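So the sequence lines, in the order shown, correspond to chains X and F. 1 is the number of the first residue of the first sequence in the numbering used here; add one for each residue after it. 1 is the number of the first residue of the second sequence in the numbering used here; add one for each residue after it.
In case anyone wonders, no lab produced these hints; they're calculated from the structure. If you're wondering where the values come from, they're calculated on a predicted model, not measured in any experiment. Glycine is no exception: its CB is placed at the ideal position from the N, C-alpha and C atoms. It cannot be assumed that every hint is accurate.
Calculated from the model, a selection of chain F residues having no Cβ within reach of chain X, i.e. all distances over 10 angstroms [unchecked claim]:
id : residue
1  : K24
2  : F35
3  : W40
4  : F52
5  : A118
6  : N339
Within a straight-line C-alpha distance of at most 20 angstroms, the following computed PhoX-like cross-link-like pairs (lysine-lysine) qualify [as the list claims (entries may be wrong)]:
id : chain 1 : residue 1 : chain 2 : residue 2
7  : F       : K508      : X       : K253
8  : F       : K519      : X       : K311
9  : F       : K508      : X       : K311
10 : X       : K252      : X       : K311
11 : F       : K168      : F       : K57
12 : X       : K311      : X       : K253
13 : F       : K518      : X       : K311
14 : X       : K311      : F       : K513
15 : F       : K519      : F       : K508
16 : F       : K518      : F       : K508
Listed below are several chain F residues computed to face chain X (Cβ distance under 8 angstroms; list not exhaustive) [unchecked claim]:
id : residue
17 : L98
18 : A101
19 : Q103
20 : T106
21 : V117
22 : F170
23 : R171
24 : V172
25 : Q504
26 : K508
27 : N512
28 : K513
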Amino acid sequence: MPSEQSLEKLSHQIQLVRNEIAKVIVGHQEVVDGVIIALLAGGHVLLEGVPGLGKTTLLRTLGRALQLRYSRIQFTPDLMPADIVGSMVMETDDRGVKNLRFQPGPIFSHLVLADEINRATPKTQSALLEAMQERTVTSGTVTHELEEPFLVMATQNPLEMEGTYPLPEAQLDRFLMKILVGYPSRAELDIIVQRTLASTQPQVERVVDRDQILAIRRAAMDVLAAPHVREFASHLVLATQPEQAEAHPLAKKYVRYGSSPRGAQALLQSARVLALMRGRWNVSIDDLRDLALQCLRHRLILNFDAHAEGKTTDALLTEILNTIPVTTLAQ
Amino acid sequence: MAKGKCGVRQEEAEGSRLVVAVAKARRRVITNQGFREAGWALTIALLGPTAFLVLGKDSFAWPLLVIFALAGAGLAAWRLWKRRPGAYEISQALDARLATADQISTAIYFLDSQDPVAVEQRRRAASLTERIDLDAAFPFTVPHSLYGVASVFLLASALCALRYFLEKPFRVNRPLPEVIAQAIRHDQTAQEKGRPNPPQEGKHLPEERAKAYATDNAQEQNPVKPEQAKDISEPQASGAAPADQKSDQQSDEQKSQAEQQEPPQTSSGFGDPMQSAENYPIQSYEDMLERDGKSGADKAQGNESKNGNNDQNGKGAGDPDSSSTNSSLFSKLKEAMSNMLSRLQQKSAGDAGKQQQGAQGDQSAGNEPKDGAGQANSASNGQPKAGSQDGAEAQAVSSDAKDASAQKSSNKNTGNMSDKGSHSAGSGAGREDGDKQVLEAQQQQAMGKLSELYGRRAANVSGEVTVEAQSGKQTLRTPQSQKQAHHADNGGEVSRDEIPLAYQPFIKEYFNKIREAKK
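Using the sequences and the hints, build the whole thing.
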């Protein structure tokens with residue numbers, strides 16, 4: 001039974017994780033919170049940013065702080081699906097009988113870092129689809145279940161597009177969030193440089209274990225969402241679909257494909273965790289507003305006019321967010 | 001068990017605290033809405049008296065005021081009932097205004113839920129309601145509908161003031177547009193009176209009027225038929241006047257020209273006719289009409305006889321003692337005569353030119369051509385005989401009649417000249433501009449027919465056309481010659497929205513460069 005004490009405890013545990021990550025990662029609080037939310041909401045996160053911004057370091061630090069298994073896959077054009085999910089290997093037992101045994105791949109971890117995911121071929125990328133959505137891996141005729149919590153944190157470099165295979169929409173939609181990793185500010189950069197010159201590296205302690213993570217996830221599933229909050233999420237998603245009657249004029253003009261219903265699901269799941277992190281048992285519209293960009297920006301595909309006029313999904317979503325009606329009386 | 005009961009009681013207490021807070025906020029919201037709707041009801045109710053002030057008692061019955069008031073109250077009650085907010089909506093508004101992150105609205109929605117999370121959330125929301133300030137969330141505000149009330153009230157006040165200004169004892173019998181129109185007519189009459197007239201003319205005007213009325217009455221007692229009057233004036237119209245009459249006529253023309261050259265008197269449109277009217281008595285209805293037509297603007301507009309009488313009284317310029325019976329009778333006579341003359345003018349408008357030509361042809365035995373006014377008079381008389389009657393026949397009329405007609409024609413010509421110079425005739429009977437309009441209309445109609453004929457002829461023009469072609473290279477043009485091969489035929493069709501991903505960065509960069517160049 002949740003109580004005031006339990007809510008405070010859950011919030012405190014999440015805050016501990018944030019503090020441990022902050023020992024290594026300077027700034028990027030939005031990125032850190034996004035990764036934690038994706039982990040607690042049971043989703044996956046796609047980080048996009050230039051090299052050297054700490055994406056890999058973030059995930060490694062998270063794995064240490066959460067006492068979870070962590071693996072890293074460097075995606076290259078010659079990477080094969082079996083390199084990710086595992087393969088059948090010949091094994092001889094004590095009696096000399098040879099058997100085929102499934103050797104799990106690096107995906108059988110709690111936290112999987114798919115580094116530069118857009119450099120692998122679509123065949124390899126699609127190997128992640130089943131694991132990300134179904135939380136299972138099928139090898140031959142045997143289906144193996146992945147252990148919870150399972151988080152795929154993929155990164156991609158927006159600069160080098162040659163020799164890359166951009167993620168298809170079907171795979172993009174499976175990511176709960178797409179977080180843009182930007183450059184640190186001057187103050188943050190000073191701290192980064194100072195820590196680099198320091199003789200000792202910060203030690204990350206394991207503050208939360210797997211069971212506590214699962215407990216927080218279950219608690220997040222109980223967070224209440226009133227009808228008007230749910231309607232806000234629905235309106236927001238419908239407003240991005242140009243063929244809908246409720247579509248925003250900008251969406252009709254610049255959007256080629258709007259958000260799928262999975263976008264509304266992702267928005268509400270993420271908002272539940274965020275509400276819990278903020279010490280509430282209910283989702284508010286402000287939670288949805290704060291997470292709308294991260295949850296929907298990769299689900300919108302802009303048309304040629306938008307590219308020609310320099311429109312971005314973030315700008316469009318911000319415009320749409322400002323026009324979604326909340327309640328008549330409040331207005 | 002006791003704990004459970006205690007917990008349930010505590011939950012009920014927390015829920016009731018929440019409900020009480022929301023109900024309090026709801027009362028404030030409904031009160032504000034009530035003020036607003038009452039303002040609109042008052043606005044609608046005030047529209048009744050406003051419409052009453054515009055339309056007047058004759059067109060707007062008193063019970064309609066009650067209907068307006070009832071309609072406003074009913075509409076306000078219906079809107080208030082329809083728009084009354086529920087507890088959930090109020091709680092949403094509370095959350096939005098107090099930035100409580102939708103905690104109160106969620107608690108209100110899950111008020112009946114016994115889920116532990118819902119109970120815990122409700123407890124937190126109830127504790128939150130103790131800290132919120134309902135006065136800050138829903139303050140009593142001045143409704144915008146009061147602006148509507150104020151504006152309608154100002155409009156009604158302005159209408160009251162306007163009515164009082166227009167008709168000094170405040171009356172609401174007649175419609176306001178009618179009152180305004182009458183006031184405008186009064187203003188025009190006053191302006192006409194205010195033109196620079198010699199003071200002695202104003203003094204002589206009633207006497208002159210009295211003379212005219214006396215003549216009119218005398219003619220009523222001894223009525224002269226219009227035909228007889230025209231017969232009397234026929235010799236002048238037909239140009240058979242003797243030489244002494246011509247000399248008189250010339251002298252009158254010179255007089256009138258001299259009068260027109262005098263600026264202070266001829267500049268005013270009323271001075272000359274009045275002076276000339278003093279010079280000769282009214283000897284026919286036509287003369288009378290011409291005099292009265294100079295100032296009778298209302299008669300031409302076809303106003304009521306009452307208004308016409310008012311105008312005549314107003315034109316009296318300080319002549320309130322003139323008898324209203326005489327004036328009404330006089331105005332009726334004028335109207336009858338004007339109608340009759342206008343009909344005659346319409347009938348004989350086409351023959352007027354012929355009559356004048358015939359009369360001038362008959363005058364070829366040494367008679368000088370008559371002035372325009374005389375010709376116009378002959379045309380206005382409209383008798384066909386006048387055109388065909390020669391001078392000898394006109395001389396067959398008795399000499400007394402000749403003398404009388406000569407005297408009349410001399411005076412009348414002078415009067416007509418002054419009439420034309422003034423252009424102040426108000427009635428169609430006294431003016432001769434109507435002839436020009438009719439003629440212009442007929443000319444335009446004839447022109448239309450002519451152009452139609454020309455158009456028809458142009459449509460039927462037929463002939464031969466010779467086209468010279470230069471010698472040179474001839475190219476055969478067929479429907480297929482304009483067709484070009486599509487890009488898709490070569491397997492290169494590219495959808496507009498589908499840019500290869502590999503090229504998207506270059507395209508973005510290209511457009512960024514274009515935008516930067518524009519900046």
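Verification of the hints:
1. Every beta carbon of chain X lies more than 10 angstroms from that of K24 (chain F), the smallest distance being close to 15 angstroms; the non-interface claim holds.
2. Remark: the non-interface label on F35 (chain F) is consistent with the geometry, its nearest Cβ contact in chain X lying 16 angstroms away (cut-off 10 angstroms).
3. Interface exclusion of W40 (chain F) from chain X stands, the closest Cβ pair being 18 angstroms apart, more than 10 angstroms.
4. Every C-beta of chain X lies more than 10 angstroms from that of F52 (chain F), the closest at about 37 angstroms, which supports listing it as non-interface.
5. For A118 (chain F), the shortest C-beta to C-beta distance to chain X comes to about 6 angstroms, within the 10 angstroms cut-off, and the non-interface label is violated.
6. The claim that N339 (chain F) is not at the interface with chain X holds, since no C-beta of that chain comes within 10 angstroms of its own (minimum 67 angstroms).
7. For the proposed pair K508 (chain F) and K253 (chain X), the alpha carbon gap of about 18 angstroms is at most 20 angstroms, so the pair holds.
8. The hinted pair formed by K519 (chain F) and K311 (chain X) meets the criterion: a straight-line CA distance of about 17 angstroms does not exceed 20 angstroms.
9. With a CA separation close to 10 angstroms, the supplied pair K508 (chain F) and K311 (chain X) stays within the 20 angstroms bound.
10. Note on K252 (chain X) and K311 (chain X): the hinted pairing holds, with a Cα-Cα distance of about 13 angstroms set against a maximum of 20 angstroms.
11. Distance restraint check for K168 (chain F) and K57 (chain F): the Cα-Cα separation of roughly 17 angstroms lies within the 20 angstroms cut-off, and the hinted pair is therefore satisfied.
12. In summary, the hint linking K311 (chain X) to K253 (chain X) is supported, as the alpha carbons are separated by about 11 angstroms, within the 20 angstroms threshold.
13. Note on K518 (chain F) and K311 (chain X): the hinted pairing holds, with a Cα-Cα distance of about 17 angstroms set against a maximum of 20 angstroms.
14. Taking the CA atoms of K311 (chain X) and K513 (chain F), the gap is near 15 angstroms; set against the 20 angstroms cutoff, the hint holds.
15. Proximity of K519 (chain F) to K508 (chain F) is assessed by CA-CA distance (about 16 angstroms); at most 20 angstroms being required, the pair is judged to hold.
16. With a CA separation close to 15 angstroms, the supplied pair K518 (chain F) and K508 (chain F) stays within the 20 angstroms bound.
17. Checking L98 (chain F) against chain X: minimum C-beta separation of about 11 angstroms lies over 8 angstroms; hint violated.
18. Hint status for A101 (chain F): holds, given a least beta-carbon distance of 4 angstroms to chain X, under 8 angstroms.
19. Contact between Q103 (chain F) and chain X, as hinted, is supported at the beta carbon level, the nearest pair being about 6 angstroms apart and thus within 8 angstroms.
20. With a cut of 8 angstroms, the hint placing T106 (chain F) at the interface with chain X holds, because the nearest CB-to-CB distance is about 4 angstroms.
21. Because the beta carbon of V117 (chain F) sits about 5 angstroms from the nearest beta carbon in chain X, less than 8 angstroms, this interface hint is met.
22. Interface restraint check: F170 (chain F) against chain X, minimum CB-CB distance 47 angstroms, threshold 8 angstroms, status violated.
23. Of the supplied interface hints, the one on R171 (chain F) is violated, with its beta-carbon coming no nearer than about 49 angstroms to a beta-carbon of chain X, more than 8 angstroms.
24. Restraint check, V172 (chain F) versus chain X: the minimum CB separation of about 43 angstroms is more than 8 angstroms; hint violated.
25. The beta carbon of Q504 (chain F) is positioned within 8 angstroms of a beta carbon in chain X (closest approach about 7 angstroms), and the interface hint is therefore held.
26. Given the 8 angstroms rule on beta carbons, the hint for K508 (chain F) holds: about 6 angstroms separates it from the nearest Cβ of chain X.
27. The criterion of a C-beta within 8 angstroms of any C-beta in chain X is met by N512 (chain F), whose closest approach is roughly 7 angstroms, and the hint holds.
28. Because the closest C-beta pair between K513 (chain F) and chain X is about 11 angstroms apart, greater than 8 angstroms, the hint is violated.
Against the hints set out earlier in the document, violations occur for numbers 5, 17, 22, 23, 24, 28.
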